[in-house]
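K.L.:
Under the working numbering, the first residue of the sequence shown is numbered 116, with each subsequent residue one higher.
Hints are computed from structural coordinates only; laboratory data are not their basis.
One thing to keep in mind: the hints can contain errors.
[As the list claims (entries may be wrong)] Restricting the straight-line Cα-Cα distance to at most 27 angstroms, the calculated cross-link-like pairs of lysine-lysine (BS3-like) are:
1) Lys124 - Lys453
2) Lys152 - Lys124
3) Lys453 - Lys506
4) Lys250 - Lys345
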Amino acid sequence: MGASSFAGKLRQLESLLSDRNAASAAYVLEAIRDLRKAHPEAVALFRLEGHALLQLERWAEAARAFERVVSILPTDGAALAGLAHALHQLNRFAEAAAVANQAADYLPSHQSVLGDNQHGNATYQSALVHLRTGKISTAVRHLRSLVALYPERLDIRLMLGLALWRARARVAAAEHCLSLLEEAPDVLAAHVVLYDIWRRAGALTLAAWHASVIARFDPEHLEAGALFGKHLPADLPHAHISIHQTPAEITPSLPLRFIDQEGEALPSLSSWSQAWMPLEAEETLHAPSVSPNKAPTDLPSSATSAPDDEEPAEDKARAEAEPAKATAPPDADTALLKRARQELRRAQGQQLDELIATLERLRVHMPNDPELLSLLAQAYLRRGDADGALKAFHQALTEI
Numbered sequence: 116m117g118a119s120s121f122a123g124k125l126r127q128l129e130s131l132l133s134d135r136n137a138a139s140a141a142y143v144l145e146a147i148r149d150l151r152k153a154h155p156e157a158v159a160l161f162r163l164e165g166h167a168l169l170q171l172e173r174w175a176e177a178a179r180a181f182e183r184v185v186s187i188l189p190t191d192g193a194a195l196a197g198l199a200h201a202l203h204q205l206n207r208f209a210e211a212a213a214v215a216n217q218a219a220d221y222l223p224s225h226q227s228v229l230g231d232n233q234h235g236n237a238t239y240q241s242a243l244v245h246l247r248t249g250k251i252s253t254a255v256r257h258l259r260s261l262v263a264l265y266p267e268r269l270d271i272r273l274m275l276g277l278a279l280w281r282a283r284a285r286v287a288a289a290e291h292c293l294s295l296l297e298e299a300p301d302v303l304a305a306h307v308v309l310y311d312i313w314r315r316a317g318a319l320t321l322a323a324w325h326a327s328v329i330a331r332f333d334p335e336h337l338e339a340g341a342l343f344g345k346h347l348p349a350d351l352p353h354a355h356i357s358i359h360q361t362p363a364e365i366t367p368s369l370p371l372r373f374i375d376q377e378g379e380a381l382p383s384l385s386s387w388s389q390a391w392m393p394l395e396a397e398e399t400l401h402a403p404s405v406s407p408n409k410a411p412t413d414l415p416s417s418a419t420s421a422p423d424d425e426e427p428a429e430d431k432a433r434a435e436a437e438p439a440k441a442t443a444p445p446d447a448d449t450a451l452l453k454r455a456r457q458e459l460r461r462a463q464g465q466q467l468d469e470l471i472a473t474l475e476r477l478r479v480h481m482p483n484d485p486e487l488l489s490l491l492a493q494a495y496l497r498r499g500d501a502d503g504a505l506k507a508f509h510q511a512l513t514e515i
């Protein structure tokens with residue numbers, strides 16, 4: 116099946132479902148089984164399956180399909196409405212009413228199948244409008260208050276993470292999305308945000324892992340494109356990146372709760388006590404540029420594009436007037452850093468320990484260099500030192 120045929124097939128099946136007859140719905144289910152041979156976890160297929168099962172009045176199966184969609188896309192109004200319908204038919208009335216109210220936040224003109232009025236949360240809807248119209252600080256303020264009131268709402272927590280990312284508060288956004296993924300590991304938008312953040316920090320192994328998750332759930336970025344619009348990272352790869360590689364080739368995403376090769380639980384984000392930078396301190400962070408103390412990297416230029424509108428001219432002028440955080444490193448240190456970047460791709464065992472020791476020595480002369488900090492973090496990740504890696508990643512993010 117060609118790269119563009121998946122989206123085309125989805126459109127054909129959606130058109131068939133609009134006929135609203137049992138024969139078409141049954142055909143759609145058969146077609147979904149065929150499409151799953153290539154894309155077994157694509158969220159669009161779960162959504163189609165849910166709507167087809169609704170038409171066939173297979174309520175329990177429809178509820179499971181829509182629950183899977185919502186676990187990946189908590190802000191999918193159509194899936195929430197379908198889930199409310201299925202739950203209502205299963206006599207799960209309290210759950211149905213709660214989900215219907217949530218759906219109304221995204222489908223304000225939707226006529227609820229429950230027969231009562233669903234108007235959603237006016238404050239949340241206002242925050243979404245502020246986010247869409249670029250009033251990011253106002254959106255963040257509203258969303259923070261809503262998260263405090265409704266901590267069980269994954270969708271509101273997700274939108275706060277997106278708003279923080281749009282505000283260029285990358286450290287706060289990373290913390291927020293990692294915390295969310297600990298509870299709901301498949302949320303697509305959180306993986307997109309973390310992909311962008313790790314790419315900017317030079318943590319290419321972590322970025323590749325998030326890209327692999329995105330490719331599993333959204334192989335052609337149809338969902339991510341609809342969610343992010345012009346803010347979708349331009350360098351997000353479409354191709355599936357396998358995570359079934361040797362430990363030397365890829366390292367688990369340590370901030371989440373994964374199990375390492377020996378069966379030991381790796382530390383989670385909550386085990387790291389260092390404070391993250393608050394939004395107020397981060398709002399001056401903008402798209403990264405090549406600083407005097409940073410050697411050029413092999414990242415494509417698209418990886419350094421800002422996720423939001425360009426910074427105001429007065430901010431640029433102020434940034435240019437401020438002194439650099441650190442002086443340029445000596446040529447010898449730059450050469451060592453370049454060699455370390457090459458050796459990190461294959462270093463293992465004693466060689467990896469020696470490389471970490473070299474990077475730590477360089478850190479004395481280059482304490483604020485983002486590339487050095489990112490290389491050091493990746494080296495610690497490969498060795499399995501979660502605490503050292505997270506501290507280095509945190510410092511690298513604050514220096515971008």
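K.L.:
Hint by hint, note whether the structure agrees.
P.N.:
Results for each hint:
no.	hint	in the structure
1	Lys124 - Lys453	violated (47 angstroms)
2	Lys152 - Lys124	holds (14 angstroms)
3	Lys453 - Lys506	holds (22 angstroms)
4	Lys250 - Lys345	holds (16 angstroms)
The structure does not agree with numbered hint 1 stated previously, though it agrees with all others.
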